[in-house]
Amino acid sequence: MRRVAIVGIGHSKFGVRTDVNMCELAFEAVKPALEDAGVTQADIPFVSVGTVGVWYEEPLPAVAIAEYCGLSGAGLVRCEAACASGSAAVNTAYTAIASGQVDLAMAIGAEKMTEVDTLTAVELIGRAGSYLWEFENFGMTFPAYYALHAVAHMHKYGTTEEDLALVSVKNHKYGAMNPLAHFQREITVEDVFSSHVIAWPLKLYDCCPISDGAAAVVLASEEKVKELGIDTPVWIEAIGYSSGTANLSKRKDYVSLEATVKASRIAYKKAGISPGDVDVATVHDCFTIAEILAYEDLGFCKKGEGGKMIREGETEIGGRIPVNIDGGLKAKGHPIGATGVSMVVELTKQLREEVKPASRQAPMKNYVALAHNVGGTGHYCYVTILRR
Amino acid sequence: MSEMPTLQSRPLNITYNIPINKTLKFWEGLKEGKVYAMKCKKCGKIYFPPSSDCPSCLASDMEWIELSGEGEIETFTHVIVRPASFQDERPYTVAIARMKEGVRVLAWLVGVKKKDIKVGLKVKLEAEVTPEGKVRYIFTPANI
Numbered sequence: 001m002r003r004v005a006i007v008g009i010g011h012s013k014f015g016v017r018t019d020v021n022m023c024e025l026a027f028e029a030v031k032p033a034l035e036d037a038g039v040t041q042a043d044i045p046f047v048s049v050g051t052v053g054v055w056y057e058e059p060l061p062a063v064a065i066a067e068y069c070g071l072s073g074a075g076l077v078r079c080e081a082a083c084a085s086g087s088a089a090v091n092t093a094y095t096a097i098a099s100g101q102v103d104l105a106m107a108i109g110a111e112k113m114t115e116v117d118t119l120t121a122v123e124l125i126g127r128a129g130s131y132l133w134e135f136e137n138f139g140m141t142f143p144a145y146y147a148l149h150a151v152a153h154m155h156k157y158g159t160t161e162e163d164l165a166l167v168s169v170k171n172h173k174y175g176a177m178n179p180l181a182h183f184q185r186e187i188t189v190e191d192v193f194s195s196h197v198i199a200w201p202l203k204l205y206d207c208c209p210i211s212d213g214a215a216a217v218v219l220a221s222e223e224k225v226k227e228l229g230i231d232t233p234v235w236i237e238a239i240g241y242s243s244g245t246a247n248l249s250k251r252k253d254y255v256s257l258e259a260t261v262k263a264s265r266i267a268y269k270k271a272g273i274s275p276g277d278v279d280v281a282t283v284h285d286c287f288t289i290a291e292i293l294a295y296e297d298l299g300f301c302k303k304g305e306g307g308k309m310i311r312e313g314e315t316e317i318g319g320r321i322p323v324n325i326d327g328g329l330k331a332k333g334h335p336i337g338a339t340g341v342s343m344v345v346e347l348t349k350q351l352r353e354e355v356k357p358a359s360r361q362a363p364m365k366n367y368v369a370l371a372h373n374v375g376g377t378g379h380y381c382y383v384t385i386l387r388r
Numbered sequence: 001m002s003e004m005p006t007l008q009s010r011p012l013n014i015t016y017n018i019p020i021n022k023t024l025k026f027w028e029g030l031k032e033g034k035v036y037a038m039k040c041k042k043c044g045k046i047y048f049p050p051s052s053d054c055p056s057c058l059a060s061d062m063e064w065i066e067l068s069g070e071g072e073i074e075t076f077t078h079v080i081v082r083p084a085s086f087q088d089e090r091p092y093t094v095a096i097a098r099m100k101e102g103v104r105v106l107a108w109l110v111g112v113k114k115k116d117i118k119v120g121l122k123v124k125l126e127a128e129v130t131p132e133g134k135v136r137y138i139f140t141p142a143n144i
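Going down the list, the protein sequences come from chains D and W. If you read the first sequence in this note's numbering, its first letter stands for residue 1, the second for the next number, and so on. If you read the second sequence in this note's numbering, its first letter stands for residue 1, the second for the next number, and so on.
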């Protein structure tokens, strides 16, 4: 396998983007990614597009986006891994280069979720567990799936609703510093507690928003990095992946996402690092409990100590491992197909030490960053390790 | 930005006809007040939801077994914000219970006050025909 680097990044503003359609939104990420890499569309032989769709009108979005962005003619694939579709797209583009098929490739993540009303979006996401056995008769929603994990975690480890709220407070704090974030305002624990219950014990401010957004990366082989004269390539050291059962009732327990444990161990082994080597991480905080599960399942702390980790500020800038200092899914927003690519864009900026404002820059010791992207409720998981 | 001009697409209403040929006994069983699981005759594994093929040993020689209905809550939630097609329902409680046979079942829990619902609560799994004629299965507390 050949080494693969990130040489270009682009990111749209996340939020309720009724000012643009799907293709126009993707363009906002594709153009800066090409410019950042110093290449044109004609240089890109392969494009992967991570998107889930159904909430916007185009049934073949990869084709529509490629045409709009002048990428038609390149090899093209749409990747679906639910909320980890963006990571699946990065992995697909990575593999095309690592295997020697191409020297340059682009991964685009894009999602347009606000063209349908909120309860229809809740319905479409809820159907994505196991339709026949968990939705048809029981109307499961995604907040409800994660609430099942929250109740089990609180019961077994004594995690509190306040611990959950602190995740939201932290991520809103950093979202307020990120001009591309869906929400750019700080909140308090009291704000979380007074927001209405969505699926007990999760309240509105425990849940990420339904967002529109796009992100894109240009990937290159080592040879191409030299040819383009890229001075700060960020290398994809490893991508680990795993999956879990469709039916939540078939999982081993509800205090962990086994797919995260497996994917991260594969990634750590491939990259030859341990969790303690990570300088900065983005983890899949679709709901506040998910960030606490991620701390534990990624090995950032012992099982059951995720609540303590957030309480003691270990995942703030200045803490042991800064996590989601772009606002996370909670405040940056979660356009589901875009999220995995967005994580890689953010971590590339962190590793290049070019984050603005500089107060949102994580200090670098090892120049190692980790992106953790879950699809569904642990249905899919990708862990990507980057190094400068 | 919510005031932006939009063009409304043509509506698209889709209903799927989901085959239940291989699990018919399960759906018929609910009408008779029984909840069935499937057991692999070759390796002995029990499946709920019922599975007509064994993902463990890949055999397709399965038999139906009736679940005892005895279970214990492992986790639960109260769903307040409901999907579009559940707007006619009042907020509902969903629980996952581990059954005596070892399989887990996800279903609504009814007939118990919210304050009395706890992890570890003993429940009974029962088949039910709704007033609208839909067949389903629900949990009720075991000791009431």
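Keep in mind that the hints were calculated from the coordinates and are not lab data. Fair warning: this is a prediction, and the values are worked out from it, not measured in the lab. Honestly, I wouldn't trust all of these hints.
[Stated by the list, open to error] Straight-line Cα separation of at most 30 Å, DSS-like style, residue types lysine-lysine; simulated pairs: (1) W/K22 - W/K115; (2) D/K308 - W/K115; (3) D/K302 - W/K118.
To see whether the hints hold, each was checked on the structure:
| no. | hint | verdict |
| --- | --- | --- |
| 1 | W/K22 - W/K115 | violated (40 Å) |
| 2 | D/K308 - W/K115 | holds (27 Å) |
| 3 | D/K302 - W/K118 | holds (26 Å) |
Of the numbered hints listed earlier, the single one contradicted by the structure is hint 1.
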